[in-house]
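Asker: Here's the letter readout for the chains.
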Amino acid sequence: MRLLVVEDDKILAEGLIEALTQAGYAVDHAANGETANAFLQQTAYDLVVLDLGLPKIDGLEVLKRLRSRGDHAAVMILTAQDAIESRVKGLDLGADDYLIKPVNLTELEARVRALIRRGKMGTNTSLVCGDLVFNAADKRATCGEQDMLLSTRELALLEILMHKQNKVVSKEQVLESLCNWDDELGDNAVEVYIHRLRKKIAPANVQIRTIRGLGYLLENAKKSSQQ
Amino acid sequence: MKMQKNHPSNNDARNYSLSGQLLLWLMICLFIILSISSIVSYSRAYHFANLAYDRALLRVVLALAEQVDVVNNQVVIDLPEIAKSMLEYDKDDYINYRISAPDGSLVVGEAGIRAPRRPLKSGAHLYYDDVMDSEKVRVVAYALPIINSDLKGDLLIQVTETRTKREKMALEIIEEMLIPQILIMLVTAFVIFLSIKRSLLPLNQLRNSVASRSHEDLSPIATNSAPQEIIPLLDEINGLMLKVKEGVDFQKAFVADASHQLRTPIAALQNQVELALREQVSDHVRHTLENIAASSHHLARLVQQLLTLARIEPSTKSNYAFEQVDLTRLVQEVTADWVPRALHNGIDLGFETDDSRALMVSGNAFMLKEMLSNLIDNAIRYTPHGGEVTVALSHQDDAVLLQVMDNGIGIAPEQRALVFNRFYRVEDSAGEGCGLGLAIVKEIVSAHHADISIQDGLPRHAPAGEVLYGANFTITFKAADA
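Chains A and B are the protein sequences, given in the same order.
To convert, note that position 148 of the first sequence is 147 in numbering that gives the first Met the number 0; the numbers rise steadily by one, no gaps.
To convert, note that position 43 of the second sequence is 42 in numbering that gives the first Met the number 0; the numbers rise steadily by one, no gaps.
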């Protein structure tokens with residue numbers, strides 16, 4: 000895996016390079032847009048961490064030229080520009096992610112991993128939480144080597160919770176996912192399904208929290224108990 | 000920062016009213032014009048009336064002249080007693096006569112009547128004013144030529160009349176004329192007063208529109224409906240406002256730019272500390288590094304909030320548009336976004352509403368999200384592990400209440416007014432707030448013409464057994480008509 004960090008701040012670049020090197024990537028550095036553009040023309044990188052405010056050639060211009068050459072390298076913009084317009088512009092020009100400085104290194108590494116994985120396998124990935132693995136393609140939930148015995152409705156519910164793990168899934172969203180099979184479901188039914196699913200997935204170290212007035216949240220039970 | 004809206008009452012004596020001045024000067028001019036016109040018309044009317052009385056008096060003289068004859072060089076007057084009494088009788092005035100011989104000697108009549116100051120040509124008559132027995136009289140003198148006689152020269156016939164009926168008539172004329180004149184003047188004054196009021200109406204409207212402005216609204220005053228006369232003044236004021244706005248904008252842009260520029264070095268600092276913390280270091284170094292990490296996080300947050308504050312302040316170039324916002328949905332989304340943070344801190348964050356309908360307010364979604372985020376962030380920071388934070392929406396008459404309640408350390412009543420000040424921090428508070436969150440909240444609340452207040456929040460049982468209360472921030476919006 001070859002990565003390019005385009006960042007004009009020397010110390011920030013050094014930190015990013017060190018972290019990414021520790022994570023096992025081969026990392027090059029370009030301190031301005033011109034160098035970055037030259038590097039990108041010579042080498043096929045898997046991922047580019049791109050600052051926007053760059054000397055010589057602006058980061059967005061670097062991105063534009065990269066995409067106009069038909070290069071599909073994953074691009075992660077890392078910038079101080081947090082205005083929505085700038086974010087939209089970056090994503091429209093073909094950036095895959097948009098992060099605002101300062102960013103936690105652990106989060107940066109996770110996002111780099113996600114982008115590279117996406118580039119490799121497309122979007123067809125298994126969702127993992129705790130010991131639970133959910134395969135979206137064949138709608139199968141496994142714990143370790145064992146298949147979990149879940150009904151289609153429970154699988155639909157699990158899918159939406161897995162997709163948004165560690166985030167709140169509203170009751171309406173839960174209802175929508177269930178309504179594909181049965182359109183006569185009330186709030187009560189949601190609670191019933193949640194209750195059943197909760198019991199069935201508990202052995203996989205996954206828990207579904209009820210968030211007052213908002214909905215449900217799926218998380219790794221081990222992680223939350225550590226805190 | 001707030002400007003005093005009180006009128007400078009000590010200056011009132013020196014300030015004058017434009018409408019008062021206009022009215023005063025117009026009335027003075029009107030008075031002068033009406034006075035002159037009164038005097039002119041009075042004197043004309045009096046002149047013609049006088050003329051009529053003079054002619055009547057002349058007829059008396061001519062009638063008297065008919066009766067005068069010269070026989071044997073003796074002036075003879077054949078005046079019957081009745082004619083004499085008729086001549087001398089008048090309802091108002093006393094009439095006297097005198098006939099003088101050519102040498103000036105009295106022939107008959109009142110001796111007290113003096114001769115006219117200048118001699119008369121033969122056959123001519125003259126009217127003039129004189130004084131007789133210290134009374135003003137009107138005199139007609141007539142020079143009657145003597146014919147068919149040796150006596151040469153003219154007989155002078157004079158008739159005097161006191162002025163009572165002439166003065167009476169003058170008074171009548173004055174009365175007749177003055178009353179309509181005064182009425183005209185009053186009506187005109189009223190009309191002028193009304194038209195001044197009406198003409199100055201745009202000034203009042205302008206005053207009201209300026210008075211109702213926020214002290215932070217530096218947009219130019221609209222000149223399209225203003226009267227021509229004050230447009231130059233408005234242009235000057237608008238020019239000044241523009242300069243002030245440029246200055247304010249420059250400062251805000253500077254804060255925003257500075258915040259942007261600070262982000263990169265802060266990011267570098269944070270990342271370096273993170274990398275250092277991954278190394279095997281002594282506990283002492285680890286502790287120091289953790290402190291640096293905490294400080295750099297604090298710094299990052301401060302910069303972020305400075306930037307937010309610079310952005311949301313009114314009269315900046317990036318003014319946010321207001322629209323109908325579904326507050327229920329917005330609050331649910333923002334609260335849901337904070338759930339992972341709350342869970343991480345072991346806090347039960349939830350949402351409550353008493354109304355199943357979507358509550359609509361007029362506002363800007365970005366600002367409202369920022370406001371609620373700051374309130375929830377604040378509540379989580381000041382609520383210990385195991386605590387509770389509840390975001391509630393309710394509907395009261397035509398108001399929408401948004402509450403963020405916690406059972407954390409709470410805010411003492413005497414500090415509740417102060418916490419919205421920039422960089423104010425509750426003394427020895429455990430949270431790592433930087434003192435701008437609530438200032439941002441306050442700015443956004445006032446931009447939405449809403450109110451914010453702090454009450455006692457949710458109860459918490461202290462170890463000693465007593466019940467303590469957290470904080471409750473209540474924001475009252477005017478409900479938008481959906």
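Incorrect hints may appear among the rest.
[To be verified] Reference listing, derived: stretches of chain A covered by chain B, where coverage requires no fewer than 3 residues with Cβ under 8 angstroms from a Cβ of chain B:
1) 36-47
2) 161-173
[Claimed, not checked] Derived SDA-like pairs (lysine to any residue); straight-line CA-CA distance at most 25 angstroms:
3) B:368 to A:97
4) A:170 to B:339
5) A:9 to B:296
6) A:88 to B:368
7) A:166 to B:260
8) A:9 to B:383
9) A:221 to B:260
10) A:88 to B:260
By construction, these hints were calculated from the structure, which means they are not laboratory data.
Being a predicted model, the structure only gives us computed values, none of them experimental.
Every residue gets a Cβ at the ideal spot worked out from N, C-alpha and C, and that includes glycine.
Asker: A separate judgement is required for each hint: does it hold in the structure or not?
Answerer: Results of checking the hints against the structure:
Interface restraint, the segment 36-47 of chain A with chain B: violated (0 residues with C-beta to C-beta distance below 8 angstroms; minimum three). Coverage of a stretch by a chain is defined here by at least three residues with a beta carbon nearer than 8 angstroms to that chain's beta carbons; for the segment 161-173 of chain A and chain B the count is 4, and the condition holds. For a cut-off of 25 angstroms, the pair hint linking residue 368 (chain B) to residue 97 (chain A) stands: about 20 angstroms separates their Cα positions. The hinted pair formed by residue 170 (chain A) and residue 339 (chain B) meets the criterion: a straight-line CA distance of about 17 angstroms does not exceed 25 angstroms.
The suggested pairing of residue 9 (chain A) with residue 296 (chain B) holds, with an alpha-carbon distance near 20 angstroms, which does not exceed 25 angstroms. Our distance criterion of 25 angstroms between C-alpha atoms is met by residue 88 (chain A) and residue 368 (chain B), whose separation comes to about 22 angstroms. Distance check on the hinted pair: residue 166 (chain A) and residue 260 (chain B) sit about 32 angstroms apart at the alpha-carbon level, beyond 25 angstroms; violated. About 40 angstroms separates the Cα atoms of residue 9 (chain A) and residue 383 (chain B), which puts this hinted pair outside 25 angstroms; it is violated.
Pair hint residue 221 (chain A) plus residue 260 (chain B) does not hold up; C-alpha atoms about 40 angstroms apart against a cutoff of 25 angstroms. Among the hinted pairs, residue 88 (chain A) with residue 260 (chain B) is consistent with the structure: their alpha-carbon atoms are about 20 angstroms apart, no more than 25 angstroms.
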